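K.L.:
Numbering (the working numbering), first residue to last: 1 to 587.
Among the hints, a few may not be true.
As the list claims (entries may be wrong) - For each label pair, taking beta carbons as the anchor points, the in silico distance ranges come out as:
| id | residue 1 | residue 2 | range |
| --- | --- | --- | --- |
| 1 | Ile-539 | Asp-231 | 42 to 48 Å |
| 2 | Glu-174 | Lys-342 | 48 to 54 Å |
| 3 | Leu-41 | Glu-63 | 26 to 32 Å |
| 4 | Pro-76 | Ser-377 | 39 to 45 Å |
| 5 | Leu-135 | Asp-344 | 41 to 47 Å |
| 6 | Ile-539 | Thr-341 | 43 to 49 Å |
| 7 | Tyr-443 | Asn-22 | 36 to 42 Å |
| 8 | Gly-472 | Pro-538 | 30 to 36 Å |
| 9 | Ser-200 | Asp-344 | 25 to 31 Å |
As the list claims (entries may be wrong) - Calculated cross-link-like contacts (lysine-lysine; reagent style BS3-like; alpha-carbon spacing at most 27 Å):
| id | residue 1 | residue 2 |
| --- | --- | --- |
| 10 | Lys-386 | Lys-511 |
| 11 | Lys-254 | Lys-275 |
| 12 | Lys-215 | Lys-438 |
| 13 | Lys-3 | Lys-14 |
| 14 | Lys-197 | Lys-140 |
| 15 | Lys-572 | Lys-385 |
| 16 | Lys-388 | Lys-438 |
| 17 | Lys-140 | Lys-2 |
| 18 | Lys-511 | Lys-438 |
| 19 | Lys-388 | Lys-572 |
| 20 | Lys-572 | Lys-438 |
| 21 | Lys-560 | Lys-511 |
| 22 | Lys-438 | Lys-567 |
| 23 | Lys-25 | Lys-52 |
| 24 | Lys-14 | Lys-2 |
| 25 | Lys-52 | Lys-512 |
| 26 | Lys-52 | Lys-3 |
| 27 | Lys-386 | Lys-32 |
| 28 | Lys-197 | Lys-275 |
| 29 | Lys-381 | Lys-575 |
| 30 | Lys-14 | Lys-80 |
| 31 | Lys-473 | Lys-511 |
It should be emphasised that the hints constitute simulated quantities derived from the structure, not laboratory data. None of the values given here were measured: they were computed from a predicted structure. Idealized CB from N, CA, C, for every residue including glycine.
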Amino acid sequence: MKKYTEDLRSTLAKLPVPDLENTLKELNEWVKPVVSSEELLQFETFSERFAKQEGPVLQRALEEHAQNTTGSWLAPFWIKSYLNTRGNLQSETNFSLTIRPEYHQHLGSINSKAALIIERMTLIFLSLINETYPLELDPKGNNVDMSYYRNLFKSCRLPDSEEDQFYVGDDSPENNHIIIIKGSNFYQLKVTDDKGKAISADELHANLCSLSADKNEQGFGVESLSGANRDLAYQTYEELGKKIENQHILHLIKNALFIIGLPSSAPESTQVQMKEGLLGWQDQWFSKTMQLLIHENGAVSLNFEHTAIDGVPVLNVLSQVFTECSAAPLIEKRPANPLLTKLDWLLTPEAMDLLNECKEEVQQVYEGHAFVHHEFSHFGKGLIKKAKISPDAFFHIALALAQYEQFGQLQSVYEPVAMRHYYEGRTASARSISQSKKELVFYWFQEEQAPDRSLLIEKIHQAAAAHTQRIGKCQMGQGVERHLFGLSCINQLTQAQPEKANYFLQADSLKKMQSDFISSTGIPFPILASFTFSPVNPIGFGLYYSLLSDRIIIDISAKKEQQNAAKELSEKIVKYLEQLAELLDLV
């Protein structure tokens, strides 16, 4: 893996620590549109005090920390922030996606599909550890960070008492396996032989067919522990581990390349599939970094634990899996070499009691969320570009208009920005609600008189330009929010009295800016039918949007109580996409 880590590091810039003065100046602008004038005045006072007192001390400490770090100063802090979460992974850290049927339905039956996908994923793992996987380049031919690709395979988040651990297995090509969960029964399937060669899809298919023939009773639901709150998950994990037979299975799970779930569900719509893929706990192990689900009707979903991976590398790998899978027919036959082993848990009464708690909790999480899916087909980014406006900015202007009409105010919108030109750059956060967007929205909805069309168009272009400029700064490692995060981490790490900076680092205005009323992400990949994650804010929404050349996919998640509001928000986004296009003479 040196090719994608040490060797690549020398070709990439090191993530910079932004200038403190610039960050504080920018921060006032980021906060301004989501707070009152009184709150802004108070925050500006806090900023001035921080700039003179704690700020320079923490800035020097962060710069020194960055200088003494081989990789990114951000990455270890960021992983730690994930591992510190103590809630339910499926609704706090994980994301799920579904694959468009045209990318997998040609692969045949469930067993045939599973065999071909397993073979392809195994070959990608082998190419990474053998360093034959091609280096990824940006559109200009420059290298980008690939240090997290390896974390996709043979990795797992492990529950612990106060802070979880992230585990990555060794790079050996020989005798690798995956875990299959079907009917809450667990199976080990060998996917590479003792010489490190991938098992052929034909052999895998034969073994999967033998699994289908088995009529095992429904398992106890041990997988539920992976979705319980982390304290309960740890307690249950420890209880299971008291039996050596269970220790062996847990060891196999964490060292599996990935997991495949074969649930009995047959989601009748993308919307239902989104919920099953993200929160359906049967036949899923939520703490495994990557797991594939093939539903009874052949629908394909994937679920990812987010700690040590990001969306773009994931989708680059999946694009290879689903665009390069051979459709050669596989013959059903008895396996020449049995590669499949059933794994039997030894459950004590104490373990079963804990697992019953886990099952009750994960079922409540499942039932407590709602999802909305809409595929807008009137136009896509190809048409938007004709207005000389960034499609991403265009969408977020529509979102701001929709949010204001529905809720009567503009609240925090989170938008991640990849920093892949830096080694271990991870993502920055660009708060989408800017002052220029707010001015546009207020002018659009003014009650005194109808807005002047030419002035409205001018304000749209100003808001779009500000949006693009902010994204650009974040891509260059100059986003204010990750800088604040770094200052906060270094404050806890180095200061004897870290609470002295709370007046600034935990200011109410910052909390409003960071409240994630709408947590959004936009990763446009043609293979995706949907992409979803739970809302960060309990009264807010999780929003995925995909700006493709001829269509726009909109996926919204919310707590069940906000189900109608989520549907209304989706409808209003569509309404303003159309109105903006009409105003700009695009349609």
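K.L.:
For every hint, state whether the structure bears it out.
P.N.:
Right, here's what the structure says about each hint:
1. Ile-539 x Asp-231: 42 to 48 Å: 25 Å, violated
2. Glu-174 x Lys-342: 48 to 54 Å: 23 Å, violated
3. Leu-41 x Glu-63: 26 to 32 Å: Holds, at about 30 Å.
4. Pro-76 x Ser-377: 39 to 45 Å: 43 Å, holds
5. Leu-135 x Asp-344: 41 to 47 Å: Between Leu-135 and Asp-344, where Cβ atoms are some 44 Å apart, the hint holds.
6. Ile-539 x Thr-341: 43 to 49 Å: 47 Å, holds
7. Tyr-443 x Asn-22: 36 to 42 Å: Given range 36 to 42 Å: violated, Cβ gap about 29 Å.
8. Gly-472 x Pro-538: 30 to 36 Å: Since the Cβ atoms of Gly-472 and Pro-538 sit about 32 Å apart, the hinted range of 30 to 36 Å holds.
9. Ser-200 x Asp-344: 25 to 31 Å: The hinted range 25 to 31 Å holds for Ser-200 and Asp-344, with Cβ atoms some 28 Å apart.
10. Lys-386 x Lys-511: Violated, because 38 Å separates the two Cα atoms, which is more than 27 Å.
11. Lys-254 x Lys-275: 25 Å, holds
12. Lys-215 x Lys-438: 60 Å, violated
13. Lys-3 x Lys-14: This hinted pair holds, its Cα atoms lying about 17 Å apart.
14. Lys-197 x Lys-140: Status violated; Cα separation ~35 Å.
15. Lys-572 x Lys-385: It holds: about 22 Å lies between the C-alpha atoms, which stays within 27 Å.
16. Lys-388 x Lys-438: Measuring from Cα to Cα gives roughly 21 Å; hence the hint holds.
17. Lys-140 x Lys-2: 24 Å, holds
18. Lys-511 x Lys-438: 19 Å, holds
19. Lys-388 x Lys-572: 23 Å, holds
20. Lys-572 x Lys-438: 17 Å, holds
21. Lys-560 x Lys-511: 24 Å, holds
22. Lys-438 x Lys-567: Judged against 27 Å, a Cα distance of about 23 Å means the pair holds.
23. Lys-25 x Lys-52: Judged against 27 Å, a Cα distance of about 14 Å means the pair holds.
24. Lys-14 x Lys-2: Judged against 27 Å, a Cα distance of about 17 Å means the pair holds.
25. Lys-52 x Lys-512: 24 Å, holds
26. Lys-52 x Lys-3: Roughly 44 Å between the alpha carbons, so the hint for Lys-52 and Lys-3 is violated.
27. Lys-386 x Lys-32: 31 Å, violated
28. Lys-197 x Lys-275: 36 Å, violated
29. Lys-381 x Lys-575: 16 Å, holds
30. Lys-14 x Lys-80: OK: Lys-14 and Lys-80 at ~20 Å, within 27 Å.
31. Lys-473 x Lys-511: 22 Å, holds
Violation of the numbered hints given earlier is confined to hints 1, 2, 7, 10, 12, 14, 26, 27 and 28; the remaining hints are satisfied by the structure.
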